[in-house]
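Going line by line, the protein sequences match chains P and D. The numbers in my numbering rise by one with no breaks, and the one at position 644 of the first sequence is 644. The numbers in my numbering rise by one with no breaks, and the one at position 28 of the second sequence is 746.
Be a bit skeptical, because a hint or two may be false.
Label-pair distances were calculated between CB atoms; the ranges are [stated by the list, open to error]:
#1 ASP758(D) x GLU183(P): 46 to 52 Å
#2 THR527(P) x PRO805(D): 58 to 64 Å
#3 ASN790(D) x GLN174(P): 40 to 46 Å
Using 27 Å as the maximum straight-line C-alpha spacing, the simulated DSSO-like pairs for lysine-lysine come out as follows [said to hold, decoys possible]:
#4 LYS783(D) x LYS741(D)
#5 LYS248(P) x LYS266(P)
#6 LYS152(P) x LYS74(P)
#7 LYS829(D) x LYS659(P)
#8 LYS186(P) x LYS751(D)
#9 LYS14(P) x LYS53(P)
#10 LYS262(P) x LYS741(D)
#11 LYS262(P) x LYS42(P)
#12 LYS741(D) x LYS11(P)
#13 LYS760(D) x LYS152(P)
#14 LYS791(D) x LYS262(P)
#15 LYS248(P) x LYS759(D)
#16 LYS751(D) x LYS151(P)
#17 LYS266(P) x LYS751(D)
#18 LYS791(D) x LYS216(P)
#19 LYS248(P) x LYS792(D)
#20 LYS44(P) x LYS152(P)
#21 LYS283(P) x LYS152(P)
#22 LYS262(P) x LYS783(D)
#23 LYS269(P) x LYS829(D)
#24 LYS751(D) x LYS178(P)
#25 LYS751(D) x LYS243(P)
#26 LYS44(P) x LYS216(P)
#27 LYS760(D) x LYS269(P)
#28 LYS783(D) x LYS243(P)
#29 LYS759(D) x LYS269(P)
#30 LYS178(P) x LYS216(P)
#31 LYS216(P) x LYS14(P)
#32 LYS792(D) x LYS266(P)
#33 LYS74(P) x LYS716(P)
#34 LYS14(P) x LYS152(P)
Calculated directly from the structure, the hints in this document are not laboratory data. Heads up, the beta-carbon is just placed ideally off N, CA and C, and yes, glycines get one too.
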Amino acid sequence: MDLENNQAGHKLLKEYNYDLGAIDKGYTDRTLYINVGNHEIKEKPVTPLMKDKFIGGKGFGLYYLWQAVTESTKWNDPENEIIISSGPIGGITQYPGSGKSLVVTLSPLTNMPIDSNAGGYFGPFLKFVGFDALELQGKADKDVIIFIDGKKGTITLEEAAPGGNLDTHILGEQLTEKYAENEEDKRNIAVISTGTAAEHTNIGLLNFTFYDVRRKGIRLKQAGRGGIGTVFRDKHIKAVVIKCPGVKGNLNHPVDQLTLNKTGIKLHKEIHDLDNSQNRMRKIGTANIIEVMDQYDLLPTHNYKFGAHKDTFKISSDVFISKVTQNSPDGCWHGCSMACAKAADQFELKTGPYKGQKVTIDGPEYENAAGLGSNCGIFDPDAILELNFYCDTYGIDTISYATLTAFVMECYENGILNKERTGGLELTFGNTEASFELIHQMSKGVGFGKIAGMGIRKMKAFFAKEYGADPQFLFDIGMEQKGLEFSEYLPKESLAQQGGYGLTNKGPQHDEAWLIFMDMVNNQIPTFEDKAEALHYYPMFRTWFGLNGLCKLPWNDIAPADNKLTDEPAKIPEHVQNYVDIYNAVTGNAIDKYELIRQSERVYNFQRIFNIRMGYGKRVHDKLPYRAMGPVTVEEYESRHERYDKQLNELLNYDTTGKSTAEKIKVMRAYRESQYEKLTDAVYKRRGWTMDGVPTVERLRDLGMDLPELLEVVNKHV
Amino acid sequence: MKLLTKNESLCIGCGECEEVCSKTYFKETNREKSCIQVEDKKITVCNQCGECMDICSVAAISRDKYGVVRINKKVCVGCFMCVGFCPELAMKMQGDLLEPFKCIACGQCAKICPTHAIYSSEEA
């Protein structure tokens, strides 16, 4: 029976009361399941198997998603789930970067599991109010709001009042106001929601709020990749709101508080002493590398054709430093002294439905500046900030938006698109107005914005079918793999980073590996075996952050003063030991740095097999568009002709004298593609996979992951 | 502004200040729990500069009407960023305490110091 809620306009569909429980050694030992379709709400125990083999975070997400779906489940089937989990370390307040939420779902872009992580307070709060993970399943008829009240121990599923604004900078603020008891209580509220464009595109993201007590307003962090917001809206979830009774430094009930305190303070001091001379994360966050990327010819420019541009100085880090508010403790969870979550305040919007409003813009992060900026030929910092704002509030992934916009711009300049096909949008590189119009169209689900919002993979098929475009050319320049748009690094001149993008579980992102500097700049991994070792170790090491509710940045965006003197500086050995120490201090386990990698390997292989189960995840799916590997066009080759000619001469003993650019491109392509194949062989071998990319039974046994459901899949493919 | 000032050349390293501080603050004799620290006649104590106030993400640290920088333990989430960022290394963490602690310029140590190596003063 439906009950009328006494809160105006909201109809209560279900109320569920629960015992708040206790947290022990980083776990509540319980998860929460909510079906928005049939209104079922229940608690589930966390089993020893889950903790031993999957740890938490995305491990739990993948574990639950496996149970929820079959090999034929599609992203928009009600069975698909969105799972949010932090992890055993998540929520400690002493060590920088310990508040991440890991989100897992079947992606509308890749049709297989995606995991994406976000800052903000939701993940830790979820644990503090009693749950190691939240599963959202089903599909509601009308928009619903879920409210988890961790003060009272109640969960309500409410039908949202019709109308109202979906865009996060408005909705997040409204819900924070509504569910907080007073100004002081706002810091105890966290909201997950998306925005209007998530409904009309496949690149929807989830915004995670946290309340900024200084700005007296919400801030946003994003689980951006893979279209999770699209799934969220497909389920007709308007928002999930959580209220936590308050935060203290021991809520995880760790076994060794002192080690957490000491290890945290050690890193705080390191950041205090060294950040300004290293990466300036506290001043400008990840955007510190814009000009560095340009300098090394790695800044994606004009849809990854080039790696630098004469106008990069206009969007350099110093320009953004002057635009974001300085000296503010901008951590996206308590205790993050790296404080990279910068924001531009009192920014007056110049376009769109909120034109004239003064807003706080979270960002820009490097990816946004490089993607929305140089990759689209846009070198106007205010335009980048405003596009960043609209991506966030409309609920779309800045990276996918940027990369697909760069793609359509190149298609436009090549005549595949024209004004007639774009409904009047002149999508040339550098046309800022066209990018704004495109994003506003996505918000409304109209015009060419609706086509672009499908993502590059679907656009390629559409352009080939509808406009007779050459599928090979589209494949070469469309910077997606597995259906996911590339993040914003030019991997063309770094074979290891091609592997870092290509030989991944979820598509070309930089969560799994980022090896450009090790490979190309520092030449630390010259052989295939070296590269394969790096493409084993780093993806596994980075996976571990996602199992534990941690952020990657405090691992290597700051380094101890004596790091260069260590055996393996790229690994930042002291920080690896910090992670081992804080994991053991929370959980009471006694892992070492080797077991840390094995913990990741179990989940990484599970995810690979999950992909295979869904019909993907094999060698054929690890192929890259050639734009990621080398020069596709004459223009690209000639922009670096000296380098390419030299390589042809030295590596292949190929005499370039009198050869046309087209001939040289062909020879270069054959060479680079063969290099990638050799790299693939080496990496699969190192990871314990067959040459078709399938984890072997032996490897699974060795890892203790020879679970019957995994063997069943693997045995069909080996 | 009320604060503790030091003249290290007068310090004889007797440790009386540490003892009275931990007794006053924590009701126990434990130099680890003293807000003032003396090591080789080097005195480490808060000079009320207030840099920690800007570091604190939950605004738990503020200056009171006497100009003394104080921590609101109810609001503090125990991140210890203020400890790592204190330019004087005078913000303290000890053992399993969940919040940091610091000198509040109460003056007990100045009263007991036999050489006037530390004394309460007012600064504009």
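Legend entry - Which numbered hints fail: 2, 3, 6, 7, 8, 9, 11, 12, 13, 15, 16, 21, 22, 23, 24, 25, 26, 28 and 31
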